[in-house]
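J.: Listed here are the chains, written in short residue letters.
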Amino acid sequence: MCTESGHLFTSRAQGQRHHIRFLAGVFLFLFTSLAQSAVWQHERGQLVLEGAPERIVTLNWAATESLLMLGVNPIGVADRDDYPIWVQQPVLPAGSYDVGARRSPSLEAIAELKPDLILASGQLVPAWDLLDSIAPTYVMSIYDDGARPFERARTLLLTLGNILEREDRARAELRELDEIMLENRGRLEAAGLTGKPIALVNFLDDRHVRINAPNGIFQAALEGLGLDNAWQKPGNFWGFSTVGLEALAAQPDVRIVVISPTAPGLAGQLSSSPFWTHLPAVRQGEVYQVEPVWAYGGVGAVKRLAVLLTETLLAGGQTNVR
Amino acid sequence: MSANGFLPYSRRLPVVAVLLWSLALAGAVLPWLDQLNLSGLLQAFWSVNTDDYQQVVLRYSWAPRFAMAILIGFGLGLAGAVLQQVLGNPLASPTTLGVEAGAQFSIGVATLYAPALLAFSPDLTAVAGGLMAAGLVVALTRKLGFSPVTVILAGLVISFFLGALNAALMLLHGDYLSNLFIWGAGSLVQNDWSQFQDLWPRVVIIGIALVMLMKPLQLLQLGSESARSLGINVGVLRLAALLLVVLMTASVVSRVGVVAFIGLAAPVLARLLGARTLGQKLLWSTLLGGGLLLLADTFAQWATVWAEGTLVPTGTATALIGGPVILLALRGMRNNRHMPGESAGPAHFLPRRRPLKNTLLAAAAALLMIVILALGWSPGLEAWHWTPPWEWPQVWDWRGPRLLAAIAAGVALGLAGTIVQRLTGNVMASPEVLGISGGAALVMVVLILLGINPGRTVQLLAGAIGGAAVLGFLLLLSRQHRFAGHQLLLGGVAIYVFMDAGLRLVMAGGGTEAIRLLSWMSGSTWLVSGPEALALAGVTAVLAALAAMGRRALVLLPLGEGSATALGLSVAKARLLLLLLAAFLTAAATVIIGPLSFVGLMAPHLARVLGQQTVGRQLVMAAVVGAVLLALADYLARVLIFPNQLPAGLLAALIGGGYFLWGLSRHGKH
Numbered sequence: 148m149c150t151e152s153g154h155l156f157t158s159r160a161q162g163q164r165h166h167i168r169f170l171a172g173v174f175l176f177l178f179t180s181l182a183q184s185a186v187w188q189h190e191r192g193q194l195v196l197e198g199a200p201e202r203i204v205t206l207n208w209a210a211t212e213s214l215l216m217l218g219v220n221p222i223g224v225a226d227r228d229d230y231p232i233w234v235q236q237p238v239l240p241a242g243s244y245d246v247g248a249r250r251s252p253s254l255e256a257i258a259e260l261k262p263d264l265i266l267a268s269g270q271l272v273p274a275w276d277l278l279d280s281i282a283p284t285y286v287m288s289i290y291d292d293g294a295r296p297f298e299r300a301r302t303l304l305l306t307l308g309n310i311l312e313r314e315d316r317a318r319a320e321l322r323e324l325d326e327i328m329l330e331n332r333g334r335l336e337a338a339g340l341t342g343k344p345i346a347l348v349n350f351l352d353d354r355h356v357r358i359n360a361p362n363g364i365f366q367a368a369l370e371g372l373g374l375d376n377a378w379q380k381p382g383n384f385w386g387f388s389t390v391g392l393e394a395l396a397a398q399p400d401v402r403i404v405v406i407s408p409t410a411p412g413l414a415g416q417l418s419s420s421p422f423w424t425h426l427p428a429v430r431q432g433e434v435y436q437v438e439p440v441w442a443y444g445g446v447g448a449v450k451r452l453a454v455l456l457t458e459t460l461l462a463g464g465q466t467n468v469r
Numbered sequence: 020m021s022a023n024g025f026l027p028y029s030r031r032l033p034v035v036a037v038l039l040w041s042l043a044l045a046g047a048v049l050p051w052l053d054q055l056n057l058s059g060l061l062q063a064f065w066s067v068n069t070d071d072y073q074q075v076v077l078r079y080s081w082a083p084r085f086a087m088a089i090l091i092g093f094g095l096g097l098a099g100a101v102l103q104q105v106l107g108n109p110l111a112s113p114t115t116l117g118v119e120a121g122a123q124f125s126i127g128v129a130t131l132y133a134p135a136l137l138a139f140s141p142d143l144t145a146v147a148g149g150l151m152a153a154g155l156v157v158a159l160t161r162k163l164g165f166s167p168v169t170v171i172l173a174g175l176v177i178s179f180f181l182g183a184l185n186a187a188l189m190l191l192h193g194d195y196l197s198n199l200f201i202w203g204a205g206s207l208v209q210n211d212w213s214q215f216q217d218l219w220p221r222v223v224i225i226g227i228a229l230v231m232l233m234k235p236l237q238l239l240q241l242g243s244e245s246a247r248s249l250g251i252n253v254g255v256l257r258l259a260a261l262l263l264v265v266l267m268t269a270s271v272v273s274r275v276g277v278v279a280f281i282g283l284a285a286p287v288l289a290r291l292l293g294a295r296t297l298g299q300k301l302l303w304s305t306l307l308g309g310g311l312l313l314l315a316d317t318f319a320q321w322a323t324v325w326a327e328g329t330l331v332p333t334g335t336a337t338a339l340i341g342g343p344v345i346l347l348a349l350r351g352m353r354n355n356r357h358m359p360g361e362s363a364g365p366a367h368f369l370p371r372r373r374p375l376k377n378t379l380l381a382a383a384a385a386l387l388m389i390v391i392l393a394l395g396w397s398p399g400l401e402a403w404h405w406t407p408p409w410e411w412p413q414v415w416d417w418r419g420p421r422l423l424a425a426i427a428a429g430v431a432l433g434l435a436g437t438i439v440q441r442l443t444g445n446v447m448a449s450p451e452v453l454g455i456s457g458g459a460a461l462v463m464v465v466l467i468l469l470g471i472n473p474g475r476t477v478q479l480l481a482g483a484i485g486g487a488a489v490l491g492f493l494l495l496l497s498r499q500h501r502f503a504g505h506q507l508l509l510g511g512v513a514i515y516v517f518m519d520a521g522l523r524l525v526m527a528g529g530g531t532e533a534i535r536l537l538s539w540m541s542g543s544t545w546l547v548s549g550p551e552a553l554a555l556a557g558v559t560a561v562l563a564a565l566a567a568m569g570r571r572a573l574v575l576l577p578l579g580e581g582s583a584t585a586l587g588l589s590v591a592k593a594r595l596l597l598l599l600l601a602a603f604l605t606a607a608a609t610v611i612i613g614p615l616s617f618v619g620l621m622a623p624h625l626a627r628v629l630g631q632q633t634v635g636r637q638l639v640m641a642a643v644v645g646a647v648l649l650a651l652a653d654y655l656a657r658v659l660i661f662p663n664q665l666p667a668g669l670l671a672a673l674i675g676g677g678y679f680l681w682g683l684s685r686h687g688k689h
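From first to last, the protein sequence lines stand for chains W and X.
Take 148 as the starting number for the first sequence in the numbering used here and just add one per residue.
Take 20 as the starting number for the second sequence in the numbering used here and just add one per residue.
A couple of the hints might just be wrong.
[What the hints assert, rightly or not] Which chain W residues face chain X? A few, computed with CB under 8 Å, are given here:
no., residue
1, 246
2, 279
3, 423
[Unchecked claim] Cross-link-like lysine to aspartate or glutamate pairs, in silico, EDC-like; alpha carbons within 16 Å at most:
no., chain 1, residue 1, chain 2, residue 2
4, X, 592, X, 580
5, W, 261, W, 245
6, W, 261, X, 416
7, W, 343, W, 400
8, W, 343, W, 312
9, W, 261, X, 580
[What the hints assert, rightly or not] Covered stretches of chain W, as calculated for chain X (at least 3 residues, CB under 8 Å):
no., stretch
10, 315–324
11, 331–341
Everything labelled a hint here was simulated from the structure, so no lab data went into it.
By construction, the Cβ of each residue, glycine as well, lies at the ideal position given by its N, Cα and C atoms.
Full structure from sequences and hints, please.
T.: Here you go:
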């Protein structure tokens with residue numbers, strides 16, 4: 148019986164808690180004699196399972212990524228074909244089915260897969276009843292108002308490990324993450340590269356960027372590596388702010404780290420823009436670019452960013468994006 | 020407009036213009052004054068010390084943005100004034116021609132499918148899209164000599180049409196289109212002078228060309244007939260002016276995105292404040308346009324600071340100007356122009372009557388076939404397959420409710436459309452065109468903006484109140500002119516503009532509200548649950564029964580107030596009840612299918628094409644036809660790009676929008 152994630156969500160279902168507990172009690176009484184079943188609290192209610200699920204459908208990439216980290220291949224993935232472009236790691240092996248868009252997955256396709264577990268985030272709460280009528284649906288949002296995404300991501304991984312009876316693997320992954328952080332932090336400190344704050348940005352066009360804010364999940368990677376975030380204002384729900392390029396000039400001494408992909412032709416547009424070329428970071432050759440990392444991911448995204456960021460910082464800065 | 024204000028009439032224009040400009044200039048300069056003096060600020064326009072980053076910001080960001088706002092404001096103000104003159108319509112604007120929507124659509128398509136083209140020239144892409152949309156409007160209305168109202172309606176529908184396509188693109192490929200969220204909302208952020216240097220020669224050249232058209236345009240003021248007799252080819256003149264306006268708008272839009280309504284607000288304000296001659300209108304509209312955009316942009320910059328650095332795009336600020344200005348302009352409008360559909364009442368359009376029974380049977384058979392297809396024949400992960408009827412209960416949850424909801428929405432819209440068309444005596448009227456759907460949608464947008472997430476029951480009630488408010492408002496506007504004329508259609512436009520402003524505010528913020536709103540606006544049916552669908556079907560059935568009871572009133576009302584009263588009808592009461600009924604029916608459908616499906620227009624019309632002329636028969640037939648249309652749309656939306664899905668409302672809008680334009684070109688000919 149695991150309720151270790153339950154305390155995080157009490158505010159959501161305060162009113163229903165007593166009902167749920169009562170019902171859970173009744174259920175437990177009924178089921179314990181019939182079969183080995185287990186109950187997990189989640190944002191929308193509770194998940195009752197008999198044995199570890201094997202056919203799992205993930206409706207967001209943070210869940211897909213966490214599942215793959217545990218060594219389980221999902222049978223159905225939302226936006227399957229875009230995963231290798233935006234998330235990349237852990238690699239999604241061939242053989243999973245596409246179940247439609249993350250925002251509007253196809254219930255038909257999910258049902259046809261006959262899953263025994265569906266993983267969804269709070270974004271899909273309106274569809275919870277429908278999803279739960281297909282298969283037990285576990286709802287967990289890494290991103291939520293006022294949430295601390297990295298803690299939620301860790302909890303998601305541990306809870307999934309618990310549900311899938313792979314707790315050891317989950318704990319090992321978290322330990323490995325800590326080790327990676329320590330090791331890379333050491334490398335950066337040895338090279339004397341931890342001083343200047345980092346502005347982590349995704350380019351929207353040649354004038355606007357999404358800048359990752361302290362309430363985003365990437366803050367965990369920066370902190371783990373002993374780096375400061377150049378952007379100290381709170382971002383939106385997802386943990387970013389949309390800003391014009393001039394916001395990057397507010398602090399003279401920052402490093403700009405651009406997360407790929409960037410639009411074709413961006414380098415050319417920027418190189419002819421005095422506003423970009425006069426940015427202190429650009430003048431000082433403090434522009435870095437990393438491979439795509441999914442900004443709305445989970446533990447895996449933090450791990451990937453930590454590694455890529457260290458390598459890129461050690462390799463030295465440029466004066467433009469690629 | 021009367022001259023009894025606090026200012027002498029003749030001085031209003033200069034005083035307001037000076038006030039507007041002072042406010043805008045003060046707002047733009049103020050944030051810098053604690054760090055620099057005025058001459059230091061002015062210096063930013065010609066020199067820079069690149070070691071001081073603050074100076075770089077001033078020189079390459081603040082100064083060009085300042086100049087850009089004024090330049091674009093001038094351009095759009097002038098273009099709007101010319102357009103209003105050409106179309107002889109006080110509510111014409113580049114936005115109304117669909118230019119912005121067209122440009123946005125082509126940039127979206129290019130981002131997804133031809134990024135190389137976008138890298139080569141984003142301007143070219145945007146201009147092509149703007150020209151395409153405006154070209155469509157022109158092609159559709161050419162035969163009618165660009166009849167003003169027809170042009171506006173065609174432009175409006177094409178805007179909605181392309182807007183719906185844009186929404187679908189964003190829903191399907193949001194990850195790749197993040198630039199569109201900004202561009203669509205209009206951002207004047209600059210990072211050097213190159214854009215300004217690119218743009219100013221174009222604006223000046225097009226501006227001069229537009230001013231040179233002034234003489235022949237002045238003759239247009241006398242009316243098309245007199246102008247023609249003076250040897251002016253009215254069609255060619257209008258076409259040339261339209262082309263210039265499109266070029267001006269598209270050049271502007273390709274650089275900064277959608278800063279709609281400046282081209283509408285400036286000339287409307289100029290006229291309301293007393294600009295009489297064409298020269299005055301062009302001059303003051305240009306000046307007010309520059310001041311307005313500078314003010315809106317300043318406001319956006321201040322709001323960005325208040326929002327802790329999160330970008331508030333200029334287009335959001337300008338969109339908020341749009342709605343009030345339209346309402347302001349509506350007040351002073353005369354109902355002296357022809358409106359399409361008005362004279363082409365039922366009497367002008369009588370296909371052969373057919374017996375109800377056979378037609379109804381055929382339509383019901385079509386509906387039954389679609390239901391069987393939707394429940395049974397479906398694309399699987401590997402291949403299309405047939406689900407036998409005894410397995411339908413197992414698949415009901417994800418095929419049934421949405422189908423039932425779509426059918427109920429179709430019935431509701433068919434009935435609402437018939438009622439509205441009979442009430443107004445206008446076959447081009449419909450819940451969508453009159454803004455009843457828009458009113459219902461507006462209320463829901465406001466609810467979301469306020470952070471309220473109501474259930475469907477509250478949505479239905481709130482939507483019905485919104486729809487009824489719009490209908491009541493239109494009724495008030497048109498009391499003197501019976502239920503016909505500009506007010507009806509253009510009041511609908513105003514409502515959509517308000518809705519659009521709210522939508523932009525939500526969209527610019529990004530995040531989950533934006534996506535939720537977007538998917539609802541485009542009529543996503545996949546979230547409908549079984550109980551919800553049943554409840555909706557129940558509500559629709561009750562409303563349909565009420566509609567059947569109102570049949571007699573619908574027959575009598577068009578006979579005129581005197582005859583109807585003589586025949587024992589309480590006219591005021593009957594009209595009010597029918598209005599409420601139409602509003603409730605529309606709201607019930609809008610909750611499910613979004614505001615833009617055009618089924619309320621199509622269904623009654625098709626019922627008539629199928630030979631059902633009397634009120635009762637038209638009601639029945641329109642209900643069935645509406646159900647067929649939306650059931651089909653929902654099925655196709657689910658299966659066409661499986662496992663992805665399209666919003667059903669969007670598919671219906673694509674068919675319905677085309678149908679509307681066809682109807683427009685047909686009925687505008689009188």
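J.: Now look at each hint and say whether the structure bears it out.
T.: Each hint tested on the structure:
Restraint check, residue 246(W) versus chain X: the minimum CB separation of about 5 Å is within 8 Å; hint holds. Nearest Cβ of chain X to the Cβ of residue 279(W): about 10 Å, over the 8 Å cut. The hint is violated. Among the interface hints, the one on residue 423(W) holds; its C-beta lies about 6 Å from the nearest C-beta in chain X, closer than the 8 Å criterion. At roughly 12 Å between alpha-carbon atoms, residue 592(X) and residue 580(X) fall within 16 Å of each other, so this suggested pair holds.
Of the pairs offered as hints, the one joining residue 261(W) and residue 245(W) holds, with about 14 Å between alpha carbons and a cut-off of 16 Å not exceeded. For the hint pairing residue 261(W) with residue 416(X), the CA-to-CA distance comes to about 14 Å; that is within 16 Å, so the pair holds. For the given pair, residue 343(W) sits about 6 Å from residue 400(W) by alpha-carbon distance, which is consistent with the 16 Å threshold. Under the criterion of a C-alpha separation no larger than 16 Å, the hint pairing residue 343(W) with residue 312(W) is inconsistent with the structure, at around 43 Å.
About 63 Å separates the Cα atoms of residue 261(W) and residue 580(X), which puts this hinted pair outside 16 Å; it is violated. For the stretch 315–324 of chain W, the stated coverage by chain X is violated: 0 residues have a C-beta nearer than 8 Å to a C-beta of that chain, whereas at least 3 were required. Coverage of a stretch by a chain is defined here by at least three residues with a beta carbon nearer than 8 Å to that chain's beta carbons; for the stretch 331–341 of chain W and chain X the count is 0, and the condition is violated.
Against the hints set out earlier in the document, violations occur for numbers 2, 8, 9, 10, 11.
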